[in-house]
Amino acid sequence: MTALDLRDVRKVYRSGDADVVALDHASLSVADDEIVALLGPSGSGKTTLLSIAGGLLSSTSGSVVVAGHDITDAGSKELTEFRRREVGFVFQSVNLVPFLTAKENLMVVDELGRTRSRSASRRRAEQLLGELGLGERTDNVPGQLSGGERQRVAIGRALMNEPRIVFFDEPTSALDTHLGEQVMELIRTEVKGRGTAAVVVTHDLRMTAHVDRTLHITDGVLGA
Amino acid sequence: MRLALREMRRRPNRFAVATIVLTLLTVLLVFLGGLLDGLYLGSTGLIRAQRADVFVFSAASRQSFLRSRIDPPLRAQVEQAPGVQVVGGLGVALVGGKVQGRSGLADTAVVGYELPANGVPGPPPPGEAYADRRLEADGVKVGQTIELGPALVPVKVVGWVRDTNYLLQGALWVAPVTWRDVQARSRPDETLSAGVFQVLVVRGAGSASQLARQVDAATGGATKSLTRDAAILSLPGTKEQKNTFNQIIFTTFAVAVLVVGLFFALLTIERTALYGVLKAIGASTGQLFVGVVVQAVVCAFVAFVVGAAIAFGVAALVPASLPLLLQSSRVATTLAGIVVAAAVGAVFSLRRVVHIDPASAIGSAS
Numbered sequence: 009m010t011a012l013d014l015r016d017v018r019k020v021y022r023s024g025d026a027d028v029v030a031l032d033h034a035s036l037s038v039a040d041d042e043i044v045a046l047l048g049p050s051g052s053g054k055t056t057l058l059s060i061a062g063g064l065l066s067s068t069s070g071s072v073v074v075a076g077h078d079i080t081d082a083g084s085k086e087l088t089e090f091r092r093r094e095v096g097f098v099f100q101s102v103n104l105v106p107f108l109t110a111k112e113n114l115m116v117v118d119e120l121g122r123t124r125s126r127s128a129s130r131r132r133a134e135q136l137l138g139e140l141g142l143g144e145r146t147d148n149v150p151g152q153l154s155g156g157e158r159q160r161v162a163i164g165r166a167l168m169n170e171p172r173i174v175f176f177d178e179p180t181s182a183l184d185t186h187l188g189e190q191v192m193e194l195i196r197t198e199v200k201g202r203g204t205a206a207v208v209v210t211h212d213l214r215m216t217a218h219v220d221r222t223l224h225i226t227d228g229v230l231g232a
Numbered sequence: 434m435r436l437a438l439r440e441m442r443r444r445p446n447r448f449a450v451a452t453i454v455l456t457l458l459t460v461l462l463v464f465l466g467g468l469l470d471g472l473y474l475g476s477t478g479l480i481r482a483q484r485a486d487v488f489v490f491s492a493a494s495r496q497s498f499l500r501s502r503i504d505p506p507l508r509a510q511v512e513q514a515p516g517v518q519v520v521g522g523l524g525v526a527l528v529g530g531k532v533q534g535r536s537g538l539a540d541t542a543v544v545g546y547e548l549p550a551n552g553v554p555g556p557p558p559p560g561e562a563y564a565d566r567r568l569e570a571d572g573v574k575v576g577q578t579i580e581l582g583p584a585l586v587p588v589k590v591v592g593w594v595r596d597t598n599y600l601l602q603g604a605l606w607v608a609p610v611t612w613r614d615v616q617a618r619s620r621p622d623e624t625l626s627a628g629v630f631q632v633l634v635v636r637g638a639g640s641a642s643q644l645a646r647q648v649d650a651a652t653g654g655a656t657k658s659l660t661r662d663a664a665i666l667s668l669p670g671t672k673e674q675k676n677t678f679n680q681i682i683f684t685t686f687a688v689a690v691l692v693v694g695l696f697f698a699l700l701t702i703e704r705t706a707l708y709g710v711l712k713a714i715g716a717s718t719g720q721l722f723v724g725v726v727v728q729a730v731v732c733a734f735v736a737f738v739v740g741a742a743i744a745f746g747v748a749a750l751v752p753a754s755l756p757l758l759l760q761s762s763r764v765a766t767t768l769a770g771i772v773v774a775a776a777v778g779a780v781f782s783l784r785r786v787v788h789i790d791p792a793s794a795i796g797s798a799s
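Going down the list, the protein sequences come from chains A and B. The numbering of the first sequence is my numbering, which starts it at 9 and goes up by one. The numbering of the second sequence is my numbering, which starts it at 434 and goes up by one.
No lab work stands behind these hints: they were computed from the structure. Each hint should be verified, as a subset may be incorrect.
Said to hold, decoys possible - Cβ-Cβ distance ranges computed for the label pairs, FRET-style:
#1 A:Ser125 x B:Gly552: 56 to 62 Å
#2 A:Gly138 x B:Val747: 53 to 59 Å
#3 B:Val751 x A:Ala128: 53 to 59 Å
#4 A:Gly151 x B:Val450: 21 to 27 Å
#5 A:Gly203 x B:Val738: 34 to 40 Å
#6 B:Thr705 x A:Asp25: 24 to 30 Å
Said to hold, decoys possible - Among chain A residues calculated to face chain B with C-beta under 7 Å, some are:
#7 Val117
#8 Leu120
#9 Arg122
As the list claims (entries may be wrong) - Covered stretches of chain A (chain B as the covering partner; in silico rule of three or more C-beta atoms under 8 Å from a C-beta of chain B):
#10 53-67
#11 88-94
Quick caveat: nothing in here was measured; it's all calculated off a predicted structure. Cβ atoms here follow ideal geometry from the backbone N, Cα and C, with glycine treated the same way.
Let's have the full structure, built from the sequences with the hints guiding it.
See below:
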């Protein structure tokens with residue numbers, strides 16, 4: 009099975025009178041339990057690719073199939089529903105809801121989707137946080153957690169809706185090398201353990217040791 | 434919605450400024466409404482108390498009780514008008530009343546009447562009066578004799594009535610003969626003969642406006658008949674007072690809309706990154722917007738509760754002479770108004786919420 013299938017995807021932005029090609033005929037397939045790293049310098053188009061694959065952005069042309077859903081021409085409402093149910097995100101700056109506890113930050117995913125009962129949602133959040141080594145920190149707000157703990161909560165949030173694929177945007181950029189290695193290992197363990205696919209955007213070559221495949225992107229062109 | 438409420442519970446300080454401003458506006462609104470009601474009800478009780486469809490003034494009086502005169506021949510014409518069933522005379526004399534044990538004068542409206550009114554029995558014997566409760570603040574008691582006007586006409590209070598005042602003067606309901614006596618001895622130039630009244634109250638068949646037209650037609654234009662609502666608005670200053678207060682009240686509600694609008698617009702700008710993340714993980718624009726509206730409404734509700742409590746507390750301390758009347762209907766209207774104003778104000782944030790791009794959560798597209 010394929011978790012992600014991008015075919016000939018192109019994204020063009022209008023900047024003044026000129027067209028800027030952010031993504032140029034990119035094709036990418038990610039298997040169900042595969043972890044792919046997307047490596048490239050700033051401005052190379054890796055975030056654009058991640059946004060299109062995650063249903064945050066529409067492509068100018070090409071086809072986008074994620075978790076069996078063709079979202080190429082999906083409207084804003086369909087994309088919202090798609091993101092709610094099919095994919096997970098871990099953002100560069102973590103971006104947890106600051107006034108919610110670790111557990112509530114996970115439960116918010118179910119609240120938005122109304123997918124589980126409150127008690128079932130609580131059980132799942134506690135279970136995930138336990139698995140992520142945060143069993144004792146479930147009632148702490150992000151301000152009371154370390155950078156690594158916050159990152160683990162963010163990973164838990166991304167896994168809350170049992171997605172087919174998780175997108176990681178520079179998950180280690182705010183962490184030191186040691187902690188970064190730990191987080192990448194955790195990502196690998198959690199993702200592989202669930203048979204979930206992952207795409208990890210990074211500019212740190214050392215992190216690619218933890219993935220199955222590394223792709224380079226330069227000036228919007230995806231290469232091996 | 435749960436997220437929005439949790440934010441309010443855990444970060445109440447964020448909403449303090451808006452809530453405090455809305456609280457002050459609520460206090461202002463409750464007071465303005467209370468003053469409007471106090472002035473309006475304190476001025477119009479005499480007319481509202483009448484069981485009448487139509488009030489008949491003499492044509493030249495320009496609908497003034499004090500200028501109007503209806504003599505017996507004119508009254509007979511009114512009584513003969515089609516549709517007229519019951520006719521009663523009514524007159525008012527505004528005089529100062531000397532109350533035992535008090536140094537100042539109580540402002541009184543001595544009302545001479547023939548027909549029982551709502552909450553007012555038929556006329557008492559000459560020299561006696563039913564006093565409106567308003568006069569309690571001036572030291573009036575049942576069984577006491579008040580001396581009215583410069584001639585100190587004695588009138589004994591034999592009972593209480595409520596909400597029957599005229600132009601903010603405490604009403605003393607007396608027999609027509611007592612009223613004429615007070616009028617003649619206080620204002621000799623305006624002495625009225627027996628049988629003459631200022632106004633007639635008329636009950637009849639059909640609609641009030643039709644009855645008014647029929648009465649005026651029957652008197653050949655010698656009278657000007659008004660429906661109850663028109664008679665109330667014809668009282669000096671009543672319409673102007675009501676319009677002025679209502680304009681201030683509407684302006685205050687508009688200020689509340691602006692306060693909420695600006696506050697939540699700023700809050701939404703501050704939350705752009707958070708909303709971007711929430712949208713990215715599946716929050717719809719509708720869910721986020723409902724959260725903003727809920728927060729605005731909760732702010733307004735809390736502000737209302739605190740503001741109304743302050744207003745009631747302060748109202749208990751103001752002197753009885755201030756025409757302030759806090760009615761539950763007015764308070765409920767203020768609650769509804771402030772909540773609607775908050776919801777409308779929150780709508781200003783809708784455009785911003787709609788335009789937040791979920792892709793912004795993942796960094797600028799590169």
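Each hint tested on the structure:
With their beta carbons about 58 Å apart, Ser125 of chain A and Gly552 of chain B fall inside the hinted range of 56 to 62 Å. A hinted range of 53 to 59 Å holds for the C-beta pair Gly138 of chain A and Val747 of chain B, which are about 55 Å apart. A C-beta distance of roughly 57 Å is found between Val751 of chain B and Ala128 of chain A, which places it inside the suggested range of 53 to 59 Å. Distance hint check: the CB atoms of Gly151 of chain A and Val450 of chain B are about 22 Å apart, consistent with the given range 21 to 27 Å.
Range check, Gly203 of chain A to Val738 of chain B: about 53 Å between beta-carbon atoms, so the 34 to 40 Å window is missed. A hinted range of 24 to 30 Å holds for the C-beta pair Thr705 of chain B and Asp25 of chain A, which are about 29 Å apart. A hinted interface residue such as Val117 of chain A counts as satisfied when its beta carbon comes closer than 7 Å to some beta carbon of chain B; here the least separation is about 6 Å, so the hint holds. Look at Leu120 of chain A: its Cβ gets to within about 5 Å of chain B, closer than 7 Å, so that hint holds up.
Nearest Cβ of chain B to the Cβ of Arg122 of chain A: about 10 Å, over the 7 Å cut. The hint is violated. With a threshold of 8 Å between beta carbons, the proposed coverage of the segment 53-67 of chain A by chain B holds, since 9 of its residues qualify and at least three are required. Residue count for the segment 88-94 of chain A with a Cβ under 8 Å from a Cβ of chain B: 5. That meets the three needed, and the coverage hint holds.
Going down the numbered hints, you'll see the structure goes against 5, 9, while the others check out.
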